[in-house]
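Participant: Listed in order, the protein sequences are those of chains V and H.
Quick note on numbering: the first sequence equals residues 0 to 482 in numbering that gives the first Met the number 0.
Quick note on numbering: the second sequence equals residues 0 to 482 in numbering that gives the first Met the number 0.
Just so you know, these hints were derived from the structure itself, not from any lab.
Incorrect hints may have been included.
Computed cross-link-like contacts, DSSO-like style, restricted to lysine-lysine with a CA-CA straight-line distance of at most 27 Å [unchecked claim]:
id, chain 1, residue 1, chain 2, residue 2
1, V, K26, H, K255
2, V, K76, H, K36
3, H, K76, V, K147
4, V, K255, H, K76
5, V, K36, H, K124
6, V, K147, V, K36
7, V, K147, H, K255
8, V, K61, H, K147
9, H, K76, H, K147
10, H, K36, V, K26
11, V, K26, V, K76
12, H, K81, V, K36
13, V, K61, H, K26
14, H, K255, H, K76
15, V, K26, H, K61
16, H, K61, V, K76
17, H, K61, V, K286
18, V, K124, H, K81
19, V, K81, H, K36
20, H, K36, V, K124
21, H, K76, V, K36
22, V, K301, V, K255
23, V, K36, H, K286
24, H, K444, H, K147
25, H, K36, V, K83
26, V, K124, V, K76
27, V, K76, H, K76
28, V, K124, V, K255
29, H, K286, V, K61
30, V, K147, V, K224
31, V, K124, H, K301
Number of protein chains: 2
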Amino acid sequence: MEKERTLKEITPRGEDFSQWYLDVVLKTEMADYGPVKGCMIIRPYGFAVWEAIQADLDRRIKETGHVNAYFPLFIPKSFLEKEKEHVEGFSPECAWVTIGGGEELEEPLAIRPTSEAMICSMYAKWVRSWRDLPVLINQWANIVRWEKVTRPFLRTTEFLWQEGHTLHGTEEEAEEETMRMLGVYRSFYEEMLAVPVVPGRKSESEKFAGALRTYSVEALMGDGKALQGATSHNLGQHFATAYGIEYLDRNQERAKPWSTSWGASTRMIGGLIMTHGDDAGLVLPPKVAPYQVVIVPIPPRKGDWSESVLPKAREALAMLRAAGIRAHLDDRDTQQPGFKYSDWEMRGVPLRLELGPKDIEKDQCVLVRRDTREKAFVPLAGAPARIRELLDQVQKDLLERARKFVADNTTRVSSWDEFRQIMAGRRGFLIAGWCGDAECEARIKQETKATVRVIPLEGGVRPGTCIRCGQPSPQEVYFAQAY
Amino acid sequence: MEKERTLKEITPRGEDFSQWYLDVVLKTEMADYGPVKGCMIIRPYGFAVWEAIQADLDRRIKETGHVNAYFPLFIPKSFLEKEKEHVEGFSPECAWVTIGGGEELEEPLAIRPTSEAMICSMYAKWVRSWRDLPVLINQWANIVRWEKVTRPFLRTTEFLWQEGHTLHGTEEEAEEETMRMLGVYRSFYEEMLAVPVVPGRKSESEKFAGALRTYSVEALMGDGKALQGATSHNLGQHFATAYGIEYLDRNQERAKPWSTSWGASTRMIGGLIMTHGDDAGLVLPPKVAPYQVVIVPIPPRKGDWSESVLPKAREALAMLRAAGIRAHLDDRDTQQPGFKYSDWEMRGVPLRLELGPKDIEKDQCVLVRRDTREKAFVPLAGAPARIRELLDQVQKDLLERARKFVADNTTRVSSWDEFRQIMAGRRGFLIAGWCGDAECEARIKQETKATVRVIPLEGGVRPGTCIRCGQPSPQEVYFAQAY
Numbered sequence: 000m001e002k003e004r005t006l007k008e009i010t011p012r013g014e015d016f017s018q019w020y021l022d023v024v025l026k027t028e029m030a031d032y033g034p035v036k037g038c039m040i041i042r043p044y045g046f047a048v049w050e051a052i053q054a055d056l057d058r059r060i061k062e063t064g065h066v067n068a069y070f071p072l073f074i075p076k077s078f079l080e081k082e083k084e085h086v087e088g089f090s091p092e093c094a095w096v097t098i099g100g101g102e103e104l105e106e107p108l109a110i111r112p113t114s115e116a117m118i119c120s121m122y123a124k125w126v127r128s129w130r131d132l133p134v135l136i137n138q139w140a141n142i143v144r145w146e147k148v149t150r151p152f153l154r155t156t157e158f159l160w161q162e163g164h165t166l167h168g169t170e171e172e173a174e175e176e177t178m179r180m181l182g183v184y185r186s187f188y189e190e191m192l193a194v195p196v197v198p199g200r201k202s203e204s205e206k207f208a209g210a211l212r213t214y215s216v217e218a219l220m221g222d223g224k225a226l227q228g229a230t231s232h233n234l235g236q237h238f239a240t241a242y243g244i245e246y247l248d249r250n251q252e253r254a255k256p257w258s259t260s261w262g263a264s265t266r267m268i269g270g271l272i273m274t275h276g277d278d279a280g281l282v283l284p285p286k287v288a289p290y291q292v293v294i295v296p297i298p299p300r301k302g303d304w305s306e307s308v309l310p311k312a313r314e315a316l317a318m319l320r321a322a323g324i325r326a327h328l329d330d331r332d333t334q335q336p337g338f339k340y341s342d343w344e345m346r347g348v349p350l351r352l353e354l355g356p357k358d359i360e361k362d363q364c365v366l367v368r369r370d371t372r373e374k375a376f377v378p379l380a381g382a383p384a385r386i387r388e389l390l391d392q393v394q395k396d397l398l399e400r401a402r403k404f405v406a407d408n409t410t411r412v413s414s415w416d417e418f419r420q421i422m423a424g425r426r427g428f429l430i431a432g433w434c435g436d437a438e439c440e441a442r443i444k445q446e447t448k449a450t451v452r453v454i455p456l457e458g459g460v461r462p463g464t465c466i467r468c469g470q471p472s473p474q475e476v477y478f479a480q481a482y
Numbered sequence: 000m001e002k003e004r005t006l007k008e009i010t011p012r013g014e015d016f017s018q019w020y021l022d023v024v025l026k027t028e029m030a031d032y033g034p035v036k037g038c039m040i041i042r043p044y045g046f047a048v049w050e051a052i053q054a055d056l057d058r059r060i061k062e063t064g065h066v067n068a069y070f071p072l073f074i075p076k077s078f079l080e081k082e083k084e085h086v087e088g089f090s091p092e093c094a095w096v097t098i099g100g101g102e103e104l105e106e107p108l109a110i111r112p113t114s115e116a117m118i119c120s121m122y123a124k125w126v127r128s129w130r131d132l133p134v135l136i137n138q139w140a141n142i143v144r145w146e147k148v149t150r151p152f153l154r155t156t157e158f159l160w161q162e163g164h165t166l167h168g169t170e171e172e173a174e175e176e177t178m179r180m181l182g183v184y185r186s187f188y189e190e191m192l193a194v195p196v197v198p199g200r201k202s203e204s205e206k207f208a209g210a211l212r213t214y215s216v217e218a219l220m221g222d223g224k225a226l227q228g229a230t231s232h233n234l235g236q237h238f239a240t241a242y243g244i245e246y247l248d249r250n251q252e253r254a255k256p257w258s259t260s261w262g263a264s265t266r267m268i269g270g271l272i273m274t275h276g277d278d279a280g281l282v283l284p285p286k287v288a289p290y291q292v293v294i295v296p297i298p299p300r301k302g303d304w305s306e307s308v309l310p311k312a313r314e315a316l317a318m319l320r321a322a323g324i325r326a327h328l329d330d331r332d333t334q335q336p337g338f339k340y341s342d343w344e345m346r347g348v349p350l351r352l353e354l355g356p357k358d359i360e361k362d363q364c365v366l367v368r369r370d371t372r373e374k375a376f377v378p379l380a381g382a383p384a385r386i387r388e389l390l391d392q393v394q395k396d397l398l399e400r401a402r403k404f405v406a407d408n409t410t411r412v413s414s415w416d417e418f419r420q421i422m423a424g425r426r427g428f429l430i431a432g433w434c435g436d437a438e439c440e441a442r443i444k445q446e447t448k449a450t451v452r453v454i455p456l457e458g459g460v461r462p463g464t465c466i467r468c469g470q471p472s473p474q475e476v477y478f479a480q481a482y
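When you get a sec, could you build the whole thing from the sequences and use the hints?
Facilitator: Given below as structure tokens:
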């Protein structure tokens, strides 16, 4: 039953990116498949990344004035049906509870595919006066969407996310909120995940079911495909109308609020894996790495490592932890240092601290960066300060490297041939004119698998002609194949 | 549509405790009813209490060596059925998903009523060697049990909890873990919630479906009824056998691990409300209070409060927040101070800081305790230090008051008449002998609604005779009517 634990092989990225991704996710024990199709288990190593993400994103959400709450998992069928576009968009993906407590239910209950229906129903009850506005509530919850093709973190039947749901007195305030939260996602992606993103507006065909306007941040993965990183929706008065949210304004007149919703999910973990990972496995940005440093003690050729090496390694561990660094000591006596190096490289720990008998003699240690493999000999007493510097540097360098990758793989194209050629080859973001017509968009997708990712918010408007049909294009957009 | 916001009335505790509880929960906006029977919404004020609970309990769970993970919501019917007692206990309470993605499912999926079935199935896949033990995993999740009679926080169809699931190489280690986590719950209840609890073992009829032994901490509510606060189960080898968890031990022989599970839920919030609340509403222990201090500025008789009072109140707010105190400034200009006093008393904020023109002249403020209504005049500069002292004092006093209540309402009884009389009147904990027979226990329940809450771990064994049947009783137990 027990096998010698050898280093697990990971398919090279260049050979099969998709298999590389699965190998990394499964072999690093970030996640595992569960018994229900499309439902994954987030294992402790992967969940620790989620906890780091959650703590920081939650802080940003609170700093922008929001509070957390918790709404029910079950949404009655009739509630979901109140907003027409919304139910059309989500109903096919719903899981339905039809039996409870041994009896058939009078009305089936959807497992929430998103919570607008539930939350807006409650807002209709709670909001009475202009003094109740704005309502700024967020929740962290599990979501179920019955997906046909699933992949751990990227697209799973059940996933974890946060969903903000707000109400505002004016359209302008709702739009401001929508953009504010898009900005929060953007900074979060760049500052925490070291993943550069392009913020922009979605085309009509890609917007959220029931929204007035959907915005998203789009990232570019290592295989040249785009990943929608998070979305922020201006819902207009659609949901207020559908769910009957009304209040008395300052003039004591009935008024209808504007609403927004915005969310980011465990998919972010997939995005960071596909942005930074390499053939050796994960590369985790220090800010979300469960362990920022792993200490690998090197036993003496002769004699017992517990005499000098292990006690010194434990001292180093205590010193790093006291300095607020997430450090781990690999004191397994069943594995050689070489195995441990590869194992922790695979798991993407940003720094390795090697400590052997010779280092101890010189009162030093060896620090090795996961991303560049650079080595440095550092006096032990100065290790915490040096490690903090290095962690900051790694965080910055990962973002820079990813930015360079995006720049290198973003092409402004002016001919349909070039568009098709690139999409059939290395892919990436293509910036091009688009007429704005949904049928033309569908044709582009059919021919190249590329969709309009966003109508960018930055970079100027640049009118021109549509890359596919040649009709006037009010502004350039980002195309890509997408996850 | 808009009404003058008057102070909402709360039914006196003595008149109708159950209605008092509902009034408090709903009117303080801790929770609200949702559209699905038995499903509540945890509103921001209530959720902030949950966040404080979660942060501290999570820290304690991690300090005892556990890590978090996330397992799927859906449990296939066949998985639930593997442990016979377990499925018998939980199946009648299950909600079943039978339709997904527009199609009838081949196998119905239970919404997890607890996760032993799912987690043990995964452990069977992950655990291979004695080196993999112990496995110490916890998850924070939503749970669904189709309850007939529900009450916000105390018993709801969906609730939030944490559930730890561990594997150990020996029975002794499993029992140690079970007791360790019972101890964690006990300290958590006493130190954070200021709720004293009685730790003990459950009788056979009250134990977890599938467990070898169940332990719990039991609290006594303001109406003399007991609340099971958290449970910790030694599952023996039942689940390892049912789910096929096996490993190679140090001698390279196949072995079966022992498992435990333990959980505490949003029910804790109900427990703290019913322990500390009074006729004016909530009384929140400072450690879990969303706001520890509310600042109520008092406008001058003549003139504008924004000239002097409001700026000074904002200064005080900044000063308290900088000192790490959760402070809130009630700067509503639509309400009088008297209304605000009652409003925040109802919401259970531990301290009120009043600040008026006369106070500002004297460079002082008034601090009023929620629990005792004691007033103190304090120099403004010294307010943060004084507030910290007072918060500590309130926290201690609440626990002491609750301990006294438990002591006053715990009676050692030696006659069945006395037992019945007390249970028909003021109730509370009754300590009495019990023969250990399940039928005798059922008879006691039928006649008095009281059940064996725990066979206590402390206080000595004291053999005697059964309070009901007179047969020998190996040790005294705690009886009470229970939520």
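Participant: Holds or violated: K36 of chain H with K26 of chain V, Cα cutoff 27 Å?
Facilitator: Measuring from Cα to Cα gives roughly 43 Å; hence the hint is violated.
Participant: Hinted pair, alpha-carbon criterion (27 Å max): K444 of chain H, K147 of chain H. Please report holds or violated.
Facilitator: This hinted pair holds, its Cα atoms lying about 19 Å apart.
Participant: Hey, K76 of chain V versus K76 of chain H, does the alpha-carbon distance stay inside 27 Å?
Facilitator: Holds - the C-alpha atoms of K76 of chain H and K76 of chain V are around 24 Å apart, at most 27 Å.
Participant: Is K255 of chain V within 27 Å of K76 of chain H, Cα to Cα?
Facilitator: Since the Cα atoms of K255 of chain V and K76 of chain H sit roughly 45 Å apart, the hinted pair is violated (cutoff 27 Å).
Participant: For a C-alpha distance cap of 27 Å, please report whether K147 of chain V and K224 of chain V respect it.
Facilitator: With a Cα-Cα distance of about 20 Å, the restraint between K147 of chain V and K224 of chain V holds, given a limit of 27 Å.
Participant: Are K147 of chain V and K255 of chain H close enough, with their CA atoms no more than 27 Å apart?
Facilitator: Status violated; Cα separation ~37 Å.
Participant: Given the hinted pair K81 of chain H and K36 of chain V, is their Cα-Cα distance within 27 Å?
Facilitator: holds, 20 Å
Participant: Going straight from one Cα to the other, do K61 of chain V and K26 of chain H come out at no more than 27 Å?
Facilitator: holds, 24 Å
Participant: Between K301 of chain V and K255 of chain V, does the CA-CA distance stay at or below 27 Å?
Facilitator: violated, 79 Å
Participant: Mind checking the alpha carbons of K124 of chain V and K81 of chain H for me, to see if they're no more than 27 Å apart?
Facilitator: At roughly 44 Å apart (the allowed maximum being 27 Å), K81 of chain H and K124 of chain V break the hint.
Participant: Please work out if K61 of chain H and K286 of chain V have their alpha carbons no farther apart than 27 Å.
Facilitator: Judged against 27 Å, a Cα distance of about 20 Å means the pair holds.
Participant: K36 of chain H and K124 of chain V: Cα distance at most 27 Å?
Facilitator: Judged against 27 Å, a Cα distance of about 17 Å means the pair holds.
In the structure shown, a violation is registered for the earlier hints numbered 4, 7, 8, 10, 11, 16, 18, 22, 23 and 31, in ascending order.
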